[in-house]
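Q: Just so you know, the sequences run in chain order S and G. Using the working numbering, the letters of the first sequence correspond one by one to residues 222 to 661. Using the working numbering, the letters of the second sequence correspond one by one to residues 222 to 661.
For the record, the hints were derived by calculation from the structure and aren't laboratory data. Just to be clear, a hint being listed does not mean it is correct.
Partial chain S-side listing against chain G, Cβ under 7 Å, derived [what the hints assert, rightly or not]: (1) Pro308; (2) Gln310; (3) Leu313; (4) Gln557.
With a cut-off of at most 35 Å between alpha-carbon atoms, the simulated DSBU-like pairs for lysine-lysine come out as follows [said to hold, decoys possible]: (5) Lys281(G) to Lys656(S); (6) Lys316(S) to Lys518(G); (7) Lys656(G) to Lys281(G); (8) Lys389(G) to Lys281(S).
Cβ atoms here follow ideal geometry from the backbone N, Cα and C, with glycine treated the same way.
Number of protein chains: 2
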Amino acid sequence: MTEGIEEFPEKRGSILIEDVLTRQGHRDIFINSSGIIEAAGEGIGRAFRDDADLRIAGTKFMAIPGLVNTHTHAGMSLMRGYADDLPLQTWLSEKIWPLEALLTGDDVYWGTRLACLEMIRSGTIAFSDMYFFMEDAARAVAESGLKAVLSYGFIDLFDPDRREREMKATEHLVASIRAMGNPKIQPALGPHAVYTVSEESLRWCAGLSAREQIPVHIHLGETGKEISDAVQQRGRRPVQILDDCGILTPRTVAAHCCWLDRGECALLGERGVHVSHNPVSNMKLAVGRAMPYPWLKENGVNVTLGTDGCASNNNLDLFEEMKTAALLQKFSWNSQTLLPASEALSMATAGGARALGLGNGTIAPGEPADIILVDRNAVCNTPLHNPDSNLVYSCSGSAVRTVICHGDILMKDRVIPWQEEVIRGASAAAADLVKRGGGG
Amino acid sequence: MTEGIEEFPEKRGSILIEDVLTRQGHRDIFINSSGIIEAAGEGIGRAFRDDADLRIAGTKFMAIPGLVNTHTHAGMSLMRGYADDLPLQTWLSEKIWPLEALLTGDDVYWGTRLACLEMIRSGTIAFSDMYFFMEDAARAVAESGLKAVLSYGFIDLFDPDRREREMKATEHLVASIRAMGNPKIQPALGPHAVYTVSEESLRWCAGLSAREQIPVHIHLGETGKEISDAVQQRGRRPVQILDDCGILTPRTVAAHCCWLDRGECALLGERGVHVSHNPVSNMKLAVGRAMPYPWLKENGVNVTLGTDGCASNNNLDLFEEMKTAALLQKFSWNSQTLLPASEALSMATAGGARALGLGNGTIAPGEPADIILVDRNAVCNTPLHNPDSNLVYSCSGSAVRTVICHGDILMKDRVIPWQEEVIRGASAAAADLVKRGGGG
């Protein structure tokens, strides 16, 4: 368990979930008032019945660990559907970047609130985000009750003046988030990628990360162009550049990793780097290659799942991402057996939790109570021959009924009290943003 | 419009949907008591207000044509999650075929009811099915209110005795369905594939189809092995075999078509064959190649969408299929612009309707009232910059609120009166089937 997460400032009640189907069979689960799973087992509920502030009848549900989204840009949910089906450069330079240049902190606040709403509704309990106006994002996360690791997208474009500004912005975000004192929200460093960040800056990030044990969130090997440009301009592939700068450590989550070669997968394994697989975004943006899961697996790399931002997905449903990961790997490697359902589920739960330092992502005593209850009687779970198969191949996030994040109930029977407020606020912010951009 | 579909035996009321967002802008839609769209346009509702037996306020919804699933095996929904992540031959010969050998008409009835329930909940209003015990399937379809084209899976394995039986079974199904007199349910011929059906039988099917104008539903070019076996054993590729037997006509829907070459795509265009793209199944079963959409498109082939059966998907949500089609084509052909959202939506609506002879799959006067209402205020539609993008890339079938099939309301605000009965019945049938198979 991560230090600090154990002790929550606010008071919460204890919860007993009775007779719920888990991956280990039927269980009672007792969550103490610190948000920690105190006991889990068959028939253990009796001992806690009198202590529990809330009892949830579990017979209609399956309980699984909450899902963890290890790569997103939550604020971009305001751009959902704004620009699709365009050539990559047109999409970026004529649509996304011009709109991003107009973003305000208020936009990012509403975009992040919308993203948090969507993540809760689809069973995600934690995410790692890289974007701008991250103090506003942090405020939105705090209001949602989710856990998040938040990084400012550090982009110096090899310009020393810009580097100074980005370093200050990064330090400022780290300080701001620490000052919030919310144990669910942690700062990270977000050097964007080797093609947008100078080696001086990468080394600075690596040093700060090592000194203060701050996680690093970075894009790596998303397109073939990234690799060939690096080789041509700098004589080294991106993985080598990052390793030379000290970025590859167990504190780092590298997103995409589609174009790694086998030796680079081995190096990531040696360095203990976590990888975030983003199959939907990679397919939609036609990056040309699937993340080499078999090579990462043979090297013991912790592979996790991310949705990427809403402009390149266009949702944040990790159920869909689990399925797409299993399908894309099978299809790309001509193997019906690669990345079976149980592994896809582990990537989205245990893998993600370990990558973000949120415990082991399992339902076991001593773990944070990050638990989602999925409808057993939904059509997608009928029949119920194999829960893992149904969760990965049949269900979408809409099968999630209740979401518990560190003992806090964020959604109960699909009700989130602040939903309508966020739908209205985010719609208005998105319309205004597009209007300022000359559209709409 | 298909002959016969216009005049429904049972009495139904007229419906006025007021002020609903369509792909053509805000509209009122008036559906007459024969289930036909009588008028659709801005502000036309006033004239029909007094006539309408039911008025639906449309401001919270988007109205789109109902989705059409052109390739499935509905009865297999009892096997959802029963066997996954296995090598293809193990999966078929040790899991699926042994269980199918135990199937009863009652099993297929419950499996098809479950499939119909799932299709309605995800916005599908018609489907083309190939399986066994199809009289029982037809009974289930009739109870659901969906439209279907039903074929008996004709498999003679090149054995003359078996051929006789299959011919009789096929004729029997055609007669039974005609005897039902349900204009929503049509018979089709279902020669399974070139590797399971003799040329004598293919010719017999082609003759019967031509004489009586009966549709044909067939698998084609799913795996590379199908192609190489045909070439090796019979000196011709599957498309040539089918063409030699007269199977390739505008009455035929060919499912999968992953391994067609460019010339074969041209031939399908010339013959007017409809193609059913099944990207989720193709990826899950690692068939090694994506259906060549650009080649089919350049030859004017009507490409539609299918989910395949629940054992190889494992759901029947065409929203997911639209997205996966758009992603798989982009990824396979290294193009961010291939198969944009509007085309994916047309494949699932207009394309499917035309393939099954159910009108044009549009919301226009004279068309059958096959309309679904999608929640405009769902998170997946927030913000609403581009409805087509949201429908294809962001929503799952759970965003569908109301389903109207030929003027019959099959689901209203996500309520289907017979849902619980089917969940219970199908669960029991599935458990019993697996028990008889020695499992569970």
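Q: Hint by hint, say whether it matches the structure.
A: So, going through the hints one by one against the coordinates:
{"no.": "1", "hint": "Pro308", "in the structure": "6 Å, holds"}
{"no.": "2", "hint": "Gln310", "in the structure": "9 Å, violated"}
{"no.": "3", "hint": "Leu313", "in the structure": "11 Å, violated"}
{"no.": "4", "hint": "Gln557", "in the structure": "5 Å, holds"}
{"no.": "5", "hint": "Lys281(G) to Lys656(S)", "in the structure": "23 Å, holds"}
{"no.": "6", "hint": "Lys316(S) to Lys518(G)", "in the structure": "28 Å, holds"}
{"no.": "7", "hint": "Lys656(G) to Lys281(G)", "in the structure": "46 Å, violated"}
{"no.": "8", "hint": "Lys389(G) to Lys281(S)", "in the structure": "46 Å, violated"}
Comparing the model with each numbered hint stated earlier shows that hints 2, 3, 7 and 8 do not hold.
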